[in-house]
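Novice: Heads up: the protein sequence lines correspond to chains A and B, in order. The numbering of the first sequence is my numbering, which starts it at 2 and goes up by one. The numbering of the second sequence is my numbering, which starts it at 26 and goes up by one.
Hints were generated in silico from the structure; no laboratory data involved. Be aware that one or more of the hints could be misleading.
Claimed, not checked - Calculated pairs, BS3-like style, for lysine-lysine (alpha carbon to alpha carbon, straight line, at most 25 Å):
| # | chain 1 | residue 1 | chain 2 | residue 2 |
| --- | --- | --- | --- | --- |
| 1 | B | K310 | B | K581 |
| 2 | B | K599 | A | K369 |
| 3 | B | K130 | A | K445 |
| 4 | A | K4 | A | K51 |
| 5 | A | K245 | B | K130 |
| 6 | A | K7 | A | K51 |
| 7 | B | K599 | B | K581 |
| 8 | A | K445 | A | K369 |
| 9 | A | K445 | B | K232 |
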Amino acid sequence: MQKEYKTITEISGPLVFAEVDEPIGYDEMVEIRTPNGETRRGQVLESTSKFVAIQVFEGTSGIDRQSSVRFIGETLQMPLTEELLGRVLSGSGEPIDGGPEIEPDEERPIVGAAINPTAREYPQEFIQTGVSAIDGMNTLIRGQKLPIFSGSGLPHNDLALQIARQASVPEEDDESEEGSEFAVIFGAMGITQEEANEFMDDFERTGALERSVVFMNLADDPAVERTVTPRLALTTAEYLAFEKDYHVLVILTDMTNYCEALREIGAAREEVPGRRGYPGYMYTDLATLYERAGRIEGRDGSVTQIPILTMPGDDDTHPIPDLTGYITEGQIYIDRDLNSQGIEPPVNVLPSLSRLMDDGIGEGFTRKDHGDTANQLYAAYAEGEDLRDLVNIVGREALSERDNKYLDFADAFEEEYIQQGFETNRGLEETLDLGWELLSRLPKEELNRVDEEFIEEYYVEDESEELAQTAD
Amino acid sequence: MSQATATETTDEGVIESVSGPVVTATDLAARMNDVVYVGNEGLMGEVIEIEGDITTIQVYEETSDVAPGEPVENTGEPLSVDLGPGMLDSIYDGVQRPLDVLEEKMGAFLDRGVDAPGIDLERTWEFNPEIEVGDEVAPGDVVGIVPETESIDHKVLVPPGYEGGEAVAVEDGAFAVDETVVELDTGEEIAMRQEWPVREPRPTVEKETPTTPLISGQRILDGLFPIAKGGTAAIPGPFGSGKTVTQHQLAKWADADIVVYVGCGERGNEMTEVIEDFPELEDPKTGKPLMSRTCLIANTSNMPVAARESCVYTGITIAEYYRDMGYDVALMADSTSRWAEAMREISSRLEEMPGEEGYPAYLAARLSEFYERAGKFQNLNGSEGSISAIGAVSPPGGDFSEPVTQNTLRIVKCFWALDADLAERRHFPSINWNESYSLYTDQLDPWWRENVVEEYPEVRQWAVDVLDEESELQEIVQLVGKDALPDDQQLTLEVARYIREGWLQQNAFHDVDTYCEPEKTYQMLTAIQHFNDETAEALEAGVPVEEIVDIEAASKLNRMNTQEAYEQYIDDLKSEITEQLQELY
Numbered sequence: 002m003q004k005e006y007k008t009i010t011e012i013s014g015p016l017v018f019a020e021v022d023e024p025i026g027y028d029e030m031v032e033i034r035t036p037n038g039e040t041r042r043g044q045v046l047e048s049t050s051k052f053v054a055i056q057v058f059e060g061t062s063g064i065d066r067q068s069s070v071r072f073i074g075e076t077l078q079m080p081l082t083e084e085l086l087g088r089v090l091s092g093s094g095e096p097i098d099g100g101p102e103i104e105p106d107e108e109r110p111i112v113g114a115a116i117n118p119t120a121r122e123y124p125q126e127f128i129q130t131g132v133s134a135i136d137g138m139n140t141l142i143r144g145q146k147l148p149i150f151s152g153s154g155l156p157h158n159d160l161a162l163q164i165a166r167q168a169s170v171p172e173e174d175d176e177s178e179e180g181s182e183f184a185v186i187f188g189a190m191g192i193t194q195e196e197a198n199e200f201m202d203d204f205e206r207t208g209a210l211e212r213s214v215v216f217m218n219l220a221d222d223p224a225v226e227r228t229v230t231p232r233l234a235l236t237t238a239e240y241l242a243f244e245k246d247y248h249v250l251v252i253l254t255d256m257t258n259y260c261e262a263l264r265e266i267g268a269a270r271e272e273v274p275g276r277r278g279y280p281g282y283m284y285t286d287l288a289t290l291y292e293r294a295g296r297i298e299g300r301d302g303s304v305t306q307i308p309i310l311t312m313p314g315d316d317d318t319h320p321i322p323d324l325t326g327y328i329t330e331g332q333i334y335i336d337r338d339l340n341s342q343g344i345e346p347p348v349n350v351l352p353s354l355s356r357l358m359d360d361g362i363g364e365g366f367t368r369k370d371h372g373d374t375a376n377q378l379y380a381a382y383a384e385g386e387d388l389r390d391l392v393n394i395v396g397r398e399a400l401s402e403r404d405n406k407y408l409d410f411a412d413a414f415e416e417e418y419i420q421q422g423f424e425t426n427r428g429l430e431e432t433l434d435l436g437w438e439l440l441s442r443l444p445k446e447e448l449n450r451v452d453e454e455f456i457e458e459y460y461v462e463d464e465s466e467e468l469a470q471t472a473d
Numbered sequence: 026m027s028q029a030t031a032t033e034t035t036d037e038g039v040i041e042s043v044s045g046p047v048v049t050a051t052d053l054a055a056r057m058n059d060v061v062y063v064g065n066e067g068l069m070g071e072v073i074e075i076e077g078d079i080t081t082i083q084v085y086e087e088t089s090d091v092a093p094g095e096p097v098e099n100t101g102e103p104l105s106v107d108l109g110p111g112m113l114d115s116i117y118d119g120v121q122r123p124l125d126v127l128e129e130k131m132g133a134f135l136d137r138g139v140d141a142p143g144i145d146l147e148r149t150w151e152f153n154p155e156i157e158v159g160d161e162v163a164p165g166d167v168v169g170i171v172p173e174t175e176s177i178d179h180k181v182l183v184p185p186g187y188e189g190g191e192a193v194a195v196e197d198g199a200f201a202v203d204e205t206v207v208e209l210d211t212g213e214e215i216a217m218r219q220e221w222p223v224r225e226p227r228p229t230v231e232k233e234t235p236t237t238p239l240i241s242g243q244r245i246l247d248g249l250f251p252i253a254k255g256g257t258a259a260i261p262g263p264f265g266s267g268k269t270v271t272q273h274q275l276a277k278w279a280d281a282d283i284v285v286y287v288g289c290g291e292r293g294n295e296m297t298e299v300i301e302d303f304p305e306l307e308d309p310k311t312g313k314p315l316m317s318r319t320c321l322i323a324n325t326s327n328m329p330v331a332a333r334e335s336c337v338y339t340g341i342t343i344a345e346y347y348r349d350m351g352y353d354v355a356l357m358a359d360s361t362s363r364w365a366e367a368m369r370e371i372s373s374r375l376e377e378m379p380g381e382e383g384y385p386a387y388l389a390a391r392l393s394e395f396y397e398r399a400g401k402f403q404n405l406n407g408s409e410g411s412i413s414a415i416g417a418v419s420p421p422g423g424d425f426s427e428p429v430t431q432n433t434l435r436i437v438k439c440f441w442a443l444d445a446d447l448a449e450r451r452h453f454p455s456i457n458w459n460e461s462y463s464l465y466t467d468q469l470d471p472w473w474r475e476n477v478v479e480e481y482p483e484v485r486q487w488a489v490d491v492l493d494e495e496s497e498l499q500e501i502v503q504l505v506g507k508d509a510l511p512d513d514q515q516l517t518l519e520v521a522r523y524i525r526e527g528w529l530q531q532n533a534f535h536d537v538d539t540y541c542e543p544e545k546t547y548q549m550l551t552a553i554q555h556f557n558d559e560t561a562e563a564l565e566a567g568v569p570v571e572e573i574v575d576i577e578a579a580s581k582l583n584r585m586n587t588q589e590a591y592e593q594y595i596d597d598l599k600s601e602i603t604e605q606l607q608e609l610y
């Protein structure tokens with residue numbers, strides 16, 4: 002179908018409507034040539050026997066009624082090859098690093114098919130990130146989708162970079178020849194040039210670029226292109242994971258910009274909006290991205306996703322974090338208060354969660370006491386947090402000795418456990434032992450989430466005595 | 026999906042427009058809710074609107090590349106499921122296509138345009154007749170029994186739409202599901218397979234008041250907020266509060282004969298967990314694999330949205346079929362919010378006038394239609410069966426005032442409110458005891474008295490009172506601190522703490538604690554009550570409250586949950602408490 006139409010009837014925001022006299026497939030790719038010779042790409046959003054609605058990725062400015070519209074006859078494809086590693090591409094998949102053209106081994110439609118649940122393998126292998134707040138408390142598992150919930154001006158990018166830099170799987174350490182390789186796919190949507198530089202500098206400094214594929218849609222690139230960027234990134238990820246056996250870590254930032262783009266298109270189509278003007282199908286749309294993480298039985302690779310989103314007004318009931326949280330397998334919260342206290346990374350573990358953690362830790366995976374220790378740390382920190390409110394009212398003296406211990410614990414937990422700096426890579430053993438060191442400042446009887454056997458083995462006796470003496 | 030077996034085409038139309046899952050066609054003779062095949066690839070869809078010459082269709086598969094001008098074929102039949110042996114131990118998508126068969130046909134990723142019958146048409150089953158030639162049978166009657174899995178006997182019923190009559194031929198032996206096993210003098214033939222339209226409830230004689238609890242093995246549910254066999258419950262909660270774990274626990278341990286688990290628009294990995302876990306788990310009562318009583322329906326969030334809309338109906342129709350055999354069925358739908366959102370999505374593509382928050386105006390009606398299909402029933406054949414429907418609700422932002430939660434609460438009689446605060450401090454199951462309720466308690470009390478222990482309701486009431494008192498006292502503590510309270514109230518707080526930590530908390534991942542039989546639930550509570558009574562006495566005798574709460578045995582109250590031989594442990598603990606307290610005065 003190479004027929005050209007000069008039948009544009011309406012241009013509205015990112016949408017172009019054109020009359021056609023032959024059937025056009027839904028989702029089909031379109032090329033629009035403007036009078037001054039530029040070519041814009043787009044996609045069919047609605048197709049009827051008389052007209053089609055086209056969503057133009059590169060913006061509609063400069064398109065007029067005389068522009069020609071050509072339908073490619075197929076849906077948007079991503080050219081795929083292992084050679085993509087080390088390359089930097091634009092948000093619509095064109096190389097922007099000055100390197101050679103991509104010679105694909107194959108092309109795949111970017112709208113990925115759903116993985117059949119019976120073909121999935123339940124993710125159980127732990128990824129060590131070297132960050133205590135994650136490894137110890139909210140363990141990341143290969144094949145998981147674990148977003149970072151952040152706010153404007155918080156160091157979520159530093160944390161993402163730290164994870165990308167340090168992530169390793171225990172298997173790699175043991176038999177480095179045997180294990181699958183790690184690859185990082187970085188999909189940037191609407192981030193500023195400065196942020197982009199920060200990422201690129203870090204990638205180049207640490208040599209991570211050669212095992213990465215970068216997709217860059219910057220803040221001043223067309224918003225509609227953002228709806229394509231994550232799909233290109235994930236199609237590449239699936240190819241590398243399930244065809245080439247890589248363990249792929251996909252970092253998508255910032256999902257909030259992606260959702261804004263969805264809303265823009267929805268508004269231009271005059272759709273009935275859902276909450277806060279976002280389209281009613283946003284849950285389904287986000288799910289078709291996030292659900293592309295996972296493992297498949299009989300394949301060695303895996304796709305792990307860390308989407309980053311900035312919550313407007315730090316409000317996690319806003320539709321973007323809310324719908325995300327319902328799809329992803331947990332979330333990591335970046336906290337403004339902790340950040341202002343100078344804690345690095347400022348992860349608030351209380352609302353954070355990793356849903357796959359329970360099945361990927363413990364004996365045979367990490368260490369047998371991992372689950373109990375994490376639970377106890379949670380409970381104790383939560384109790385300390387509660388008491389802080391009380392202290393503000395009644396003062397520390399009015400509290401019992403037990404309560405004071407919890408308060409001290411909460412402070413120590415933030416300052417020693419969570420605080421580690423963006424450059425420190427803590428091993429898992431170190432994280433777990435640190436946890437015990439903190440727990441040992443509480444009386445043994447208080448550790449009701451931990452199996453007695455573990456208390457026997459890991460509880461550090463001196464700590465509590467020391468403390469008891471100073472308390473006397 | 027059953028339509029693979031329905032080949033008749035009553036008419037053909039032509040696609041007029043395509044927009045996501047909504048396709049319109051012209052020149053199609055169709056009734057509302059007819060199943061149609063769309064486009065050159067024959068994608069399955071359902072008629073949802075007819076206006077003039079235009080028929081609107083929701084398509085159960087991806088519509089990329091489908092173009093106007095392609096044909097639409099009408100089967101002339103409403104969306105139906107296949108009912109017959111082979112449904113247990115299976116996993117289906119939202120329109121009853123077996124996912125394992127689809128995997129064989131098209132690999133790890135779900136392609137489209139592939140159809141497969143809901144039950145295997147080739148496989149033969151051992152049919153053991155229950156009637157003889159000459160017997161009169163009516164719709165709903167059992168004509169034979171098929172051993173379907175090791176725990177469930179599948180009863181072959183006269184389909185409800187039949188006239189019924191005298192049996193003129195009765196077979197015995199192995200047959201495929203479509204072969205006739207009983208012939209009636211009316212000329213009607215009965216096979217092991219029958220079809221039923223999913224949007225229509227299967228007929229019964231009458232609905233009865235449920236009086237037996239559905240034992241879940243979860244202390245907070247059995248102990249405080251029980252659901253009846255044939256009851257309805259909603260589990261609303263923000264993300265991360267443990268809806269899915271609670272649903273899984275119920276699917277694993279509830280003492281229903283059959284479990285239908287509908288994963289509606291949820292995570293792929295969660296369904297995989299169920300698929301991998303259940304075959305390995307044993308039913309605590311029978312010792313047989315749990316999977317042999319379970320039917321799974323998985324329509325994950327990235328699978329087509331129209332099939333998500335229908336998966337809840339597919340699930341409840343299968344549940345009704347087993348109910349007709351006289352079984353107690355538990356249906357879990359996780360999550361009904363995703364189902365409601367699917368309705369919203371389709372509705373907005375139809376450009377219908379939206380109701381609250383963009384949901385269609387018929388949301389409340391659809392929800393109540395669904396929950397009304399649950400209940401304890403007298404079946405056509407005189408047997409009794411029940412469907413307990415437990416729906417998870419995922420309110421946006423955890424705000425229970427949103428339309429799906431509110432409309433659900435108007436219908437269901439159990440409300441298990443999940444609480445993000447409790448989840449944050451890892452109190453699981455994070456069901457808030459102050460907000461939750463069960464309207465079944467009164468009608469179930471006689472059962473507890475008779476089958477567990479006479480004092481069950483009283484002990485429960487005691488626990489509820491302590492927890493109520495605690496929440497009042499906590500407000501004061503927030504202001505003045507714990508030490509400012511009188512001694513007896515400090516003790517109450519301590520007792521309440523043990524009820525919370527030792528009794529209400531339950532570790533789903535602990536081998537022993539994951540299931541707690543009603544007897545143990547009761548015993549554990551009496552131990553805490555014993556502690557309460559004894560400490561009150563000690564306090565009266567003048568022992569300072571700090572010493573009382575410090576006794577060594579007390580912390581053991583938090584370890585009762587993980588004891589396998591709990592009877593001995595609890596007995597010993599009670600005497601230890603008494604002894605240690607008496608040493609103090």
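Novice: Each of the hints needs a verdict: does it hold here or not?
Specialist: Outcome of the hint check:
The straight-line distance between the Cα atoms of K310(B) and K581(B) is roughly 28 Å, outside the 25 Å bound, and the hint therefore fails. Taking the CA atoms of K599(B) and K369(A), the gap is about 32 Å. The hint is violated against a cut of 25 Å. For a cut-off of 25 Å, the pair hint linking K130(B) to K445(A) is broken: about 57 Å separates their Cα positions. At most 25 Å may separate the alpha-carbon atoms for a hinted pair to count; K4(A) and K51(A) meet this at roughly 15 Å.
Taking the CA atoms of K245(A) and K130(B), the gap is near 23 Å; set against the 25 Å cutoff, the hint holds. Taking the CA atoms of K7(A) and K51(A), the gap is about 14 Å. The hint holds against a cut of 25 Å. Using a Cα cut-off of 25 Å, the hinted pair K599(B) and K581(B) holds, with the two alpha carbons roughly 10 Å apart. Proposed proximity of K445(A) and K369(A) is supported: the alpha carbons are some 19 Å apart, at most 25 Å.
The hinted pair formed by K445(A) and K232(B) fails the criterion: a straight-line CA distance of about 55 Å is larger than 25 Å.
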